[in-house]
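Please put together the full structure from these sequences, using the hints given.
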Amino acid sequence: MRYCMVIDLDKCIGCQTCAVICKMHHAQPQGTWWNRVFTQGSDYHQSAVGTKDGFKIEYLPVSCQMCDNAPCERVCPTGATYKNEEGMILVDYDRCIGCRTCMAACPYGVRQFNWKDPKKAKEEAGYAYGYPFDVTEKGKRLVYTQDRPAGVVEKCTFCVECMNADGTYDALPACVRACPGKARYFGDLDDPNSEVSRLVSSKQVFRLKEEYGTEPKVYYISSTKSKNVEGPWTEQSWENKTPNTIIP
Amino acid sequence: MKKLSAKKTAALVIGAAMCAAGLAAWIYQLVQGMQVTNLRNSFTWGLYMGSFEFFIAMATGGILAFSIAYLWNIETLKPFVKIASIGSLASVVAAGVAIFEDLGEPFHALYMIITPNVGSPLFWDVVILTLYVIVCLVAVVLTLLPDTKKHVHDRGYRMTNEENCRRFSFIAFPMAFLLNIITSFMFATQNTREWWHSALIPVNACAEATAVGLSFTILLCVLMVRHEIFVENSDGIRLLSRIAAASIAAYIVMSFIEIVPLAWSGTQESRHLLHLIFHTYGPLFWLEILLPLLAMILFLVGGGLGKELVSVAGILVIAGIFIQRMMLLLPAFNSIPLTLPVAGKLWTFPIAVGTFTEGEDVFVRFWNYVPTAVEWIVGILPVGLIVFVMAAAAILFRLNPGEE
Numbered sequence: 001m002r003y004c005m006v007i008d009l010d011k012c013i014g015c016q017t018c019a020v021i022c023k024m025h026h027a028q029p030q031g032t033w034w035n036r037v038f039t040q041g042s043d044y045h046q047s048a049v050g051t052k053d054g055f056k057i058e059y060l061p062v063s064c065q066m067c068d069n070a071p072c073e074r075v076c077p078t079g080a081t082y083k084n085e086e087g088m089i090l091v092d093y094d095r096c097i098g099c100r101t102c103m104a105a106c107p108y109g110v111r112q113f114n115w116k117d118p119k120k121a122k123e124e125a126g127y128a129y130g131y132p133f134d135v136t137e138k139g140k141r142l143v144y145t146q147d148r149p150a151g152v153v154e155k156c157t158f159c160v161e162c163m164n165a166d167g168t169y170d171a172l173p174a175c176v177r178a179c180p181g182k183a184r185y186f187g188d189l190d191d192p193n194s195e196v197s198r199l200v201s202s203k204q205v206f207r208l209k210e211e212y213g214t215e216p217k218v219y220y221i222s223s224t225k226s227k228n229v230e231g232p233w234t235e236q237s238w239e240n241k242t243p244n245t246i247i248p
Numbered sequence: 001m002k003k004l005s006a007k008k009t010a011a012l013v014i015g016a017a018m019c020a021a022g023l024a025a026w027i028y029q030l031v032q033g034m035q036v037t038n039l040r041n042s043f044t045w046g047l048y049m050g051s052f053e054f055f056i057a058m059a060t061g062g063i064l065a066f067s068i069a070y071l072w073n074i075e076t077l078k079p080f081v082k083i084a085s086i087g088s089l090a091s092v093v094a095a096g097v098a099i100f101e102d103l104g105e106p107f108h109a110l111y112m113i114i115t116p117n118v119g120s121p122l123f124w125d126v127v128i129l130t131l132y133v134i135v136c137l138v139a140v141v142l143t144l145l146p147d148t149k150k151h152v153h154d155r156g157y158r159m160t161n162e163e164n165c166r167r168f169s170f171i172a173f174p175m176a177f178l179l180n181i182i183t184s185f186m187f188a189t190q191n192t193r194e195w196w197h198s199a200l201i202p203v204n205a206c207a208e209a210t211a212v213g214l215s216f217t218i219l220l221c222v223l224m225v226r227h228e229i230f231v232e233n234s235d236g237i238r239l240l241s242r243i244a245a246a247s248i249a250a251y252i253v254m255s256f257i258e259i260v261p262l263a264w265s266g267t268q269e270s271r272h273l274l275h276l277i278f279h280t281y282g283p284l285f286w287l288e289i290l291l292p293l294l295a296m297i298l299f300l301v302g303g304g305l306g307k308e309l310v311s312v313a314g315i316l317v318i319a320g321i322f323i324q325r326m327m328l329l330l331p332a333f334n335s336i337p338l339t340l341p342v343a344g345k346l347w348t349f350p351i352a353v354g355t356f357t358e359g360e361d362v363f364v365r366f367w368n369y370v371p372t373a374v375e376w377i378v379g380i381l382p383v384g385l386i387v388f389v390m391a392a393a394a395i396l397f398r399l400n401p402g403e404e
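Quick note, the sequences are listed as chains A and B, same order.
The numbering of the first sequence is my numbering, which starts it at 1 and goes up by one.
The numbering of the second sequence is my numbering, which starts it at 1 and goes up by one.
Be a bit skeptical, because a hint or two may be false.
[Unchecked claim] Part of the chain A face toward chain B, derived, beta carbon under 7 Å: (1) Gln30; (2) Thr78; (3) Pro107; (4) Tyr108; (5) Lys182.
[Unchecked claim] Straight-line distance between alpha carbons at most 27 Å, and here's what the computed DSS-like set of lysine-lysine pairs gives: (6) B/Lys345 / A/Lys209; (7) A/Lys52 / B/Lys345; (8) A/Lys11 / B/Lys345.
To be clear, the hints were calculated from the coordinates, so they are not data collected in a lab.
The model shown is predicted, which means the values in this text are computed figures rather than measured ones.
All C-beta atoms in this analysis are idealised placements derived from N, C-alpha and C, irrespective of residue type, glycine included.
Okay, structure coming up:
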């Protein structure tokens, strides 16, 4: 079994619901985001990027890519970061020494360090949130707890708290369930009949930074729709535009 | 009771004070979390990691001097091997402390032994660091043994200590280089960071370590060896200076060789990296080249190589290589690997910083890393440790030949 996620960029509306639900569900303190969505090429979210053919908006959600050849796993000196039987890259908070080598090794910038005690940070903010129960794998590896210790690294877990002991899911990951555009798909890549397998084999998909050999298990269905909202321009009018012109 | 010299006592007190200040700041960091540093998610290693790399390089010199003295039987180096070996021991312990300061959860460190990941370069770094501490300890004991000769003879040792030192040098000499090679694998193996992913990094690390390690050893000798012994054995110091100068030349050449493929590739990523190296951090890059270059000239054309001249050269190398170790980190972390070509331009995917400060960005593409006051004070601890160990050694042992 190898769980993977497929994200249809045609359906992504850049609403950031996946990022917010992930933050709430996993009790992430301020400044920490396991999942983030940006407008490709733009300094400002939801603002169009000027191309020679006109303006264009395309979003890109990025969380842990659950790599089959994960550099974070290979560099971790204590084995705190490991790949479970379902192919998910997880962090055992009890073993993490906070050396942050995994963060330096990860090309996706998805790993988040607890620079201060998350519990205190949330208390200071005046509210508590998140899935409240500890999750251990094989009864000994702490892969989720509401208040991670200060000084350890955390990241997306494919909502391991929703996974049963036999590796099946009762409820899909929070980001998949919450996505209003139903842009996210989750399932077993080893099962040829799963929806994710069919999408990966039938659609034009890509993975981020494949040149690093990380073999990510998050696939993106390439955007096919034209999102141009203005143009095409003449050579002269193009020269008068700045690349990141904001549409009011 | 023998009266302690004022200089040694002052050095001991200064070292202890530095350790106390560093330790207090470290405890503060452990209580408050690493938010007290200026490190964040996009820039995860800074002063502590740079110091660790730097002390590793410094630790190379003493053992090299020891090995060279006995492998090639250079009599004029032998009066310096006690100080050199203790200098290496102090530096490698300082490196160990510096890397511990960098850990977010140092109390979990035992898992490096309980559940080690033998594929991790950091694991092997800890292994080599531990072995090197043993190498330094053995070298220190061997060099101090003549002082306890009677005791050794009572136990029935047959070989002379000279033979032991020579035989041990066959292990110590390659270990000094292995320490730097394996430590640099932590960077060189990371193919997602263009600034680090190079087979030249371990080789260059050896050259840098030889230069700064021997410079540090020379400085220690200037400070701790009696003037007449220093002058009498100036050929030994001159030899170390020349090796340091040759290493500096190799380091400078290799540093520019690293730049050539970057400039040649012409990709947007490498252009961005070059911009960081030569523009954003340009002054630091030129300092890491020019300071050792000046030291090399001083080492080579210094004629009689008076104490003042070698001291200045040593300080220049130490400053240059420390900057070089920081420069290993500064452009690397600000060259974020997740980039996409959009509308003909390179677009970097922002990273969440990991903390929240009102009015400041949560997602960044560039982090202006400057160590905080707390980091500097924590960073003093390993330096204080070196000062303290050297002063204590000067008080406890007869480091100069013929000393009572």
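Hint check results:
1. About 3 Å separates the beta-carbon of A/Gln30 from the nearest beta-carbon of chain B, less than 7 Å, and the hint is met.
2. For A/Thr78, the suggested interface contact is upheld, since its CB lies about 4 Å from the closest CB of chain B, less than 7 Å.
3. The restraint placing A/Pro107 at the interface with chain B holds, with a minimum CB-CB distance near 4 Å, inside the 7 Å limit.
4. With 7 Å as the threshold, the beta carbon of A/Tyr108 comes within range of chain B, its nearest partner Cβ sitting at about 5 Å, so the hint holds.
5. Given the 7 Å rule on beta carbons, the hint for A/Lys182 is violated: about 24 Å separates it from the nearest Cβ of chain B.
6. For the hint linking B/Lys345 to A/Lys209, the alpha-carbon distance of about 16 Å falls within 27 Å, and the restraint holds.
7. Simply put, A/Lys52 and B/Lys345 have alpha-carbon atoms about 12 Å apart, close enough for the 27 Å limit, and the pair holds.
8. With a CA separation close to 25 Å, the supplied pair A/Lys11 and B/Lys345 stays within the 27 Å bound.
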